[in-house]
Each structure stands twice: as C-alpha cells, then as structure tokens.
Amino acid sequence: MWSYILRRVLWAIPTALAVITICYVMLHLTPGGPFDSERQISPAVLANLQAKYHLDQPMWKQYLYYLNDLAHGDLGASFRYADWSVNSLVAQALPVSLTIGGISMLIALVVGVILGIAAALRQNSAIDYVVMFLGNIGNTVPSFVLGPVLILIFAIWLKHPDGDGWLPAGGWDGGIRYMVLPIALLSIINVATIGRIMRAGLVETMTSNFIRTARAKGLPLRTIVLRHALKPALIPVASVLGPLAISSITAAVVTETVFALPGLGKLIVNGASNRDYTLVLGLVVLITLIAVLFNLLVDLVYALLDPRIRY
Amino acid sequence: MNRKIIAAALAASLGLCSLTALAANVPAGVKLADKQELVRHNGTEPDSLDPSLYETKPANYIASDLFEGLTRNGADGSILPGVAESWKQTDPHTWVFKLRKDAKFSDGSTVTADDFVYSWQRTVDPKTGSKYTILHEFIANAKDIVAGKKAPKELGVKATDKYTLEVKTTDVVPFFPGLVAMGNMAPLKKEALDKNGKDWVKPGKMVSNGAYMLAEWVPNNRVVLVKNPNYWNAKTVVITKVTYNPVESDDTALKMYKSGEMDWTDEIPTGIYASLKQQFGGELRNTPWLGVYYFNMNNNLPEFKDKRVRQALSMVVDRDILTQRVTGNGETPAYSLFVKGTSAGTPTTYSWTKEPMAQRVTEAKKLLSDAGYGPGKKPLTLKITYNTNEMHKKIALFLASEWKNKLGLQTSMENQEFKVFVKTRHDGAYQLARNAWIADYNDATSFLDLVRCGSAQNDTFYCSKTVDGLIADGNQQTDAGKRTAAFSKAMELAMEDYAVIPMFQYAKARLVKSYVGGYTNTNFLDDYLTQDFYIIKH
Numbered sequence: 003m004w005s006y007i008l009r010r011v012l013w014a015i016p017t018a019l020a021v022i023t024i025c026y027v028m029l030h031l032t033p034g035g036p037f038d039s040e041r042q043i044s045p046a047v048l049a050n051l052q053a054k055y056h057l058d059q060p061m062w063k064q065y066l067y068y069l070n071d072l073a074h075g076d077l078g079a080s081f082r083y084a085d086w087s088v089n090s091l092v093a094q095a096l097p098v099s100l101t102i103g104g105i106s107m108l109i110a111l112v113v114g115v116i117l118g119i120a121a122a123l124r125q126n127s128a129i130d131y132v133v134m135f136l137g138n139i140g141n142t143v144p145s146f147v148l149g150p151v152l153i154l155i156f157a158i159w160l161k162h163p164d165g166d167g168w169l170p171a172g173g174w175d176g177g178i179r180y181m182v183l184p185i186a187l188l189s190i191i192n193v194a195t196i197g198r199i200m201r202a203g204l205v206e207t208m209t210s211n212f213i214r215t216a217r218a219k220g221l222p223l224r225t226i227v228l229r230h231a232l233k234p235a236l237i238p239v240a241s242v243l244g245p246l247a248i249s250s251i252t253a254a255v256v257t258e259t260v261f262a263l264p265g266l267g268k269l270i271v272n273g274a275s276n277r278d279y280t281l282v283l284g285l286v287v288l289i290t291l292i293a294v295l296f297n298l299l300v301d302l303v304y305a306l307l308d309p310r311i312r313y
Numbered sequence: 161m162n163r164k165i166i167a168a169a170l171a172a173s174l175g176l177c178s179l180t181a182l183a184a185n186v187p188a189g190v191k192l193a194d195k196q197e198l199v200r201h202n203g204t205e206p207d208s209l210d211p212s213l214y215e216t217k218p219a220n221y222i223a224s225d226l227f228e229g230l231t232r233n234g235a236d237g238s239i240l241p242g243v244a245e246s247w248k249q250t251d252p253h254t255w256v257f258k259l260r261k262d263a264k265f266s267d268g269s270t271v272t273a274d275d276f277v278y279s280w281q282r283t284v285d286p287k288t289g290s291k292y293t294i295l296h297e298f299i300a301n302a303k304d305i306v307a308g309k310k311a312p313k314e315l316g317v318k319a320t321d322k323y324t325l326e327v328k329t330t331d332v333v334p335f336f337p338g339l340v341a342m343g344n345m346a347p348l349k350k351e352a353l354d355k356n357g358k359d360w361v362k363p364g365k366m367v368s369n370g371a372y373m374l375a376e377w378v379p380n381n382r383v384v385l386v387k388n389p390n391y392w393n394a395k396t397v398v399i400t401k402v403t404y405n406p407v408e409s410d411d412t413a414l415k416m417y418k419s420g421e422m423d424w425t426d427e428i429p430t431g432i433y434a435s436l437k438q439q440f441g442g443e444l445r446n447t448p449w450l451g452v453y454y455f456n457m458n459n460n461l462p463e464f465k466d467k468r469v470r471q472a473l474s475m476v477v478d479r480d481i482l483t484q485r486v487t488g489n490g491e492t493p494a495y496s497l498f499v500k501g502t503s504a505g506t507p508t509t510y511s512w513t514k515e516p517m518a519q520r521v522t523e524a525k526k527l528l529s530d531a532g533y534g535p536g537k538k539p540l541t542l543k544i545t546y547n548t549n550e551m552h553k554k555i556a557l558f559l560a561s562e563w564k565n566k567l568g569l570q571t572s573m574e575n576q577e578f579k580v581f582v583k584t585r586h587d588g589a590y591q592l593a594r595n596a597w598i599a600d601y602n603d604a605t606s607f608l609d610l611v612r613c614g615s616a617q618n619d620t621f622y623c624s625k626t627v628d629g630l631i632a633d634g635n636q637q638t639d640a641g642k643r644t645a646a647f648s649k650a651m652e653l654a655m656e657d658y659a660v661i662p663m664f665q666y667a668k669a670r671l672v673k674s675y676v677g678g679y680t681n682t683n684f685l686d687d688y689l690t691q692d693f694y695i696i697k698h
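Chains as they are written, first to last, in this note's numbering: chain A, 3 to 313; chain B, 161 to 698.
Check each hint, because a few of them may be wrong.
Restraint-style ranges between C-beta atoms, simulated for each label pair [to be verified]:
| no. | chain 1 | residue 1 | chain 2 | residue 2 | range |
| --- | --- | --- | --- | --- | --- |
| 1 | A | Q125 | B | Q570 | 29 to 35 Å |
| 2 | B | G357 | A | L291 | 40 to 46 Å |
| 3 | B | P389 | A | K54 | 54 to 60 Å |
| 4 | A | K63 | B | K543 | 50 to 56 Å |
| 5 | B | Q438 | A | K63 | 55 to 61 Å |
| 6 | B | Q570 | A | Y131 | 52 to 58 Å |
| 7 | A | I105 | B | R485 | 44 to 50 Å |
| 8 | B | D236 | A | I105 | 47 to 53 Å |
| 9 | B | R485 | A | V27 | 44 to 50 Å |
Quick caveat, the hints were computed from the structure, so don't treat them as lab data.
All values derive from a computational prediction rather than experimental measurement.
For glycine and all other residues, C-beta sits at the position ideal for the given N, C-alpha and C.
Bound-form chain A, shown alone:
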C-alpha cells in the first residue's frame, strides 16, 4: 500500500510538470500581454518591467527561470498586484476555498448519502419523489440563480430590527455568518449530485444476487443495507468525490463571484483576464496537486469499500 502511495505521489511530479508546460505555452500564445492597457506605457518603462519579469528573454529561458523558482517554492511575483507575491495571494485565498469547499463537501456527503439511501429504499414513494425533485433542482438550477435567491431571502427580505439582513449578502471575515450562504449553495448542488448517484447505486446493488441471497436467508433489511449493500453502493459515490471536491475547492468561481468571496476561483479568473502568467501558473500548480491528492484518496477509499481492490 505504502509503495503504491509513494508511486502515485511521485507520478504527480511529471503530471504537474506536463500541466504547467501546457498552460505556460497556452498563456504565452494568448494574444495580449500583462502590460497591455488603455494607456500605453513608455518604452523604457516597459523594457524595465519586461526585464524584471524575464519577459525580454526567449520563452524557453523564461520557462527555465520559472521552473527554477518553482523548485525553490517560489511561485513568483504577481504581474497585476504589484505589492504581492503569488505565494502570499494563494496563501490568503486557499483557506477561504478550503473552508467553504471542505465543509460543503462533508455536508453534501452525509446528507446526500442519507437522502439517496432513503429514496432507494422507498422507490416511487413520496420521499423518493421529493429527493428526486430536489436532486433535479440542485442539478439543473444554475448556482448564479440559486445563490441570488438565497441572498434575497436571507440577506434582504429577512432583516434584524436594526435593518441589517439576517445573513450577509457577501464578503468574508472568516466568521460563521459569512459561511452559511456560500456553504448552503455549494452543498445544495453537491447533495443533489451525491443523492442521485447514491440512489442509483443502491437500487442497482439491491437487485444483485448476493442481496437476493441475503434476503432469502431472512436477514432484516437494516442488516442487508448496512452490512452488505452500502459498501458496494458507495463506490459510484466515491468515484465522483474527487472531481466534486476539486471543483468545490478550486473552481467555485460562480459561488465566489455571487458572494464576493476572496477564494482561489476568483483569483484564477482575474489572473487569466489580466494575463498574470505567474498567478495563473501558481494556481495551476496548486490545483494539480489538489487533484492528485484527491484522486489518490478516492483510490484508497475504493480499497476500503471493495475488498477485491488491492494495491
């Protein structure tokens, strides 16, 4: 097992390198540079700025400079935010994304699995229809619609006597009040996905031969579900956990925009539109590492869920 983990971690290095290289080339080939703006800069100033960021060098040399800095843990200076290094920008945005994404994933996992089980065991009942309906809502109503609705209800319509909303409409100070609505929004979307997959997985498992055998033995339903059906039914759920977690933490662009959260999603969008090469690449490195980590965790969870899988 440990050698497997080590192998996977080591594989992350060439994977990250490939992703960085592709992004690097794509960014540099995109028309428009970091210093293109409404107001044209003096050629002497531009030359100094380009020299400062090695943009006056051939692309392959710039790439080597970048890799060298990266090897020393330095993601470079931001082109757009002159006062900040990419390391410090990422360090300030990551906790926000981790908090919102992590908590919403946990909630989604627990609630989604419970609802999925309930719906699967009561097929075509009222609870099944409710879960399926909620699942459809969560999957089909875009977050840029659902988010403002939550804000409208909890921040604008429902108010304290002093005139302020029950919950903030946006912003972030790390307090629970600021977390509730973004976490609710991300959770609703993820609950819908996990609930539907869980339901489908359990319905399929419950029709398997080994469950039929268990029923024939006269085992109670609770035992059948908890001891025999649950684990295999969770495998499809585990498969989507990786992508869901990555998108919840790193790509919650809409949620971060709707609630004005200072997270990674907002940084990467701003970075790309400003041609802030170093910022975008720094975030690519981070997202690649998170993706590798989550995929590894998912693979390990497989082994726990299905004894036939061994590494």
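Chain B: place on chain A using the hints.
The following block gives chain B in isolation, referenced to the frame of chain A:
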C-alpha cells in the same frame, strides 16, 4: 514674466489660503452617530497601494485617504490646501509651494519638501516600473527621464528649504495645483521604503501622511483604514474607520448595499437606473463625470480618410435615444470629446443636431454618395470591434441598427477580450472600435491627447497640423482666456474633421445611504476623500 498670470496666481493662492481647509464640514444641528465607520464599495482590487506604482481608480480612492499631496480634492471637487498651505506661480514655468510645518507622517516624523522630491524622482525613474507617469510628465525633464534619456535627479523639482518646494514645468500648467492633489503625487518617507523594501505598503509597515493609516489589507476581500492621529488636520476628521470592499460584481454590491453591509456602491448595475431611482429615491446619487464614450474610426483606412464618410456615420446616430433608452444611467449626449465640467475646454456641438433626423439622414446619404459609396457605387461594409461587456454590446448593436436602418449599411460586430482588444486598438488592427476616456485631471489637455498627432492615446490615428499647432500654442499660453480659446478651437476643428464619433458623457451613478453626510453632486472627477464624510445618527 507675465504680470497677468502672476496676479491671477497670487489671487488664487491667497483665496485658497483663506479657506479653512476643513475636512468633514458637519452642518449645525446635525447629530452624529456614535459609531463613525464607513464601508465603501471599491469595484475591484487595487493594483497597488504604492503611489509610484498604482494606476487604477480603485487604488486612487484608497491612496487618497492614505496619502496627502501638496493639495487635496474637496468633496465638492474644489482644490484645497494639503501639505502645502500656499502656492504661487512665480513665472509661467515655475510653481512654488510653501509647506505647512505641522504636516506629519503616520510615524510622527515631519513631512518635508525633500519627501516630495524623493517620491517624484522615484516615480519617473524607469527602474521603478511606474505605468502611470502622466501626472509627473508636466514637470521639466520628466518625459526624458521616463524615456531613459536623463537621470531622475534632473527632474525639475527641488527643495529650496525644508518647507519650500519649487517645481519647473515644461508647459504653462495652470492646473498644476489640481495635479498634485492626486495620491500618485504624494510624499514618501524614504527610510520606510529602504527599511521594508517591497513590503513597505503592508499594514504595520506603511508610513503615510494622509488622514488615514493602513490597518488591514486582505487581497480581494477588504482594505481597512483607521484615522491617523498624526494627520495635521485630524481634529476635523470625523470618520474613524473606513473599509473598502473590492467587490467586482455590481449586482453583488447592490445586494450587499441592500442588506446593510455597504454604505455606498461604486457603480450601479446597468439597465436598472429607473427602478433604483423609484426604490431608493435620494439615495441614488448621480454626478456628471469627466469622461466620454466614443467610437474610433481608423483614419488610416481608405474609407475613413474621406471626411464625408466619417461625418455621415456620426450625424445619423441619435444620441438622445441612446442615452435615454439604451444606457439610461443619467448619461448625456456628446458631440465633442470635451464634456461638461472640462476646465479650459468648451464642449462643442454640430449644427445638424438641431435638424430633424430625416433631414440628417438625407444629408448623410448624399455625403456617402458623394464619397462614392451607396447604391450603384462602391459598397461600404463596417465592422465594429468592442471588448466583451453587455453594455458595449448593446451600444454597438444600437450603432449597427442606426446605420442599417438609416443608411442601409451592413455592419458586423466583433467582441474581443479586454487585453486583446486594447492591443488591437493600439495596433490599429480594426475598422471601428469602441473607446472611452475618463480624464486623469481636470484640464482640456487630458482630452486633447486623444486627437493629437502621434499621441500614445490617439488610437484613431487622426492627425492635423492645425490642431496640433493650436494645442502647442495653448500649452504655452499664460493668459487663461487665450489658453481656453486655443484648446477649444483645437477640439472644435478636430470635431469638424469628425476625428471620432462622440457618443455620450458618462455619469457616475451610485447609491449612498441617507445617513452618510458630506456627499456632493459636483465632484466631476469622482475623487471623494473619506475625511469629508460623517455618519448622521440614524
């Protein structure tokens, strides 16, 4: 030495000195709230808080609270004494500023004339990498220093003593006291920069001389400033804490305003002005802004070398419908790049604006026909390029519709992402392109750069030696009236040449809570300093 200008400058400086330079001017009878804290929406994250490096408006809002120049902007748009308690133009190319002796940095040290010299030399030094040197370029030798041809120490500024600053300018710049109100022109404490390097702008390390000090800065989240007890005029500063929220979505900002998290918004979402007016009444504030929205016609292309084509395209566009039905945020039609409120520049209009549209259309068709375009002649097809934005798209569609319906011209549209778009425009790789200009400072010269031959801001490639001659003449005029006349004539000629298609003057519409005192509707540059505000008990 011109007696008139010196007399005028002396009178102006004496007049200014007589002002009390109050910060928040709380009217008698107004009861102040116990908590004097203000939350301002700031549009986007500041690109920097270093006066030598920032170039965006959101950064300038914050920097103007943190740093004070020789003068400062009053809430009503007037120029008030800042670190300088008086100033005068001793000859057409020399300004002398007398600094107050009680001006201090946030660490308690005195602000001296040398701090200005250091700051300005640092900004124009190409090694600093400042992208915004336009304000400093009015100082003698600045352009050569920025271009790397002279050393920064050759900048035309010197401290004749600890509290006297002498500035030599290239042109006659009567608006110089307005320029030095910008945060970019503030003094810097060299020791603080040397000690902390790039991090000198961070909380706990920044040494500034404005009414506020930097307390907290979380990128993309908030910048928090607290009152600076060492500020020379601290006793009149009422707001004790101001938070700037860099929320990029105007919709989100509006919701935060509604839920009580913000005391004002930087903008309002487009297309809902009327409903916000109905909902918020007096809280919706609207001020004409020193900015113009216009379209470039690439004067290098054969079809636009013919003035008749340029004129025809401009005269059929109904700016009244555009501003009332399409933009609808309080903008006003424009027929000149000079707009209402421009100092030393009179906005002009065209005689055809009074004609019925049908007559304008007939004339425009004839102009096109005379130029060789139209039925039975060469076809004229147009392509409008704009950067991705819903409002720009709507305006481009409106323009295409006007040309199609009135002149029968086929127009295609191309939207580009902003960085690509600005390069396209600078390179002249377009036929018609959206453009806009918000003045950096209130003087006609800020707008004239848009039509001056070879100017870096002239992306339309219009060039007239007559216009340039008038601009050059105005730049050396010591008589204010003659200066205004030269600049106005220059712009009038450029507009008679149909250098561009002016569309409308911007209006700065924002929501401001009724309990925020001190807001005015006359600040055309939209430079509001927090020290001019107060929170009324509510």
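(Q) I want to verify a distance hint. Is the separation of the beta carbons of Q570 (chain B) and Y131 (chain A) within 52 to 58 Å? (A) With a Cβ separation near 54 Å, Q570 (chain B) and Y131 (chain A) satisfy 52 to 58 Å, so the hint holds.
(Q) Tell me if the beta carbons of R485 (chain B) and V27 (chain A) are separated by a distance inside 44 to 50 Å. (A) holds (46 Å)
**Q.** Distance restraint hint 44 to 50 Å, applied to the beta-carbon atoms of I105 (chain A) and R485 (chain B)
**A.** holds (46 Å)
Q. Regarding K63 (chain A) and K543 (chain B), is the given constraint of 50 to 56 Å on their beta-carbon distance met?
A. violated (38 Å)
Q | CB-CB spacing for I105 (chain A) and D236 (chain B) relative to the 47 to 53 Å hint | A | Since D236 (chain B) and I105 (chain A) have Cβ atoms about 48 Å apart, the given range 47 to 53 Å holds.
Q: Using the Cβ atoms, figure out if G357 (chain B) sits within 40 to 46 Å of L291 (chain A).
A: Taking Cβ atoms as reference, G357 (chain B) and L291 (chain A) lie about 30 Å apart, which means the hint is violated.
Q. Taking the beta carbons of Q125 (chain A) and Q570 (chain B), is their distance inside 29 to 35 Å?
A. violated (59 Å)
Q. How does the Cβ-Cβ distance of Q438 (chain B) and K63 (chain A) compare with 55 to 61 Å: does it lie in that range?
A. holds (60 Å)
Q) Between P389 (chain B) and K54 (chain A), does the beta-carbon spacing fit 54 to 60 Å? A) Violated, at about 37 Å.
Violated hints, in rising order: 1, 2, 3 and 4; the structure is consistent with all others.
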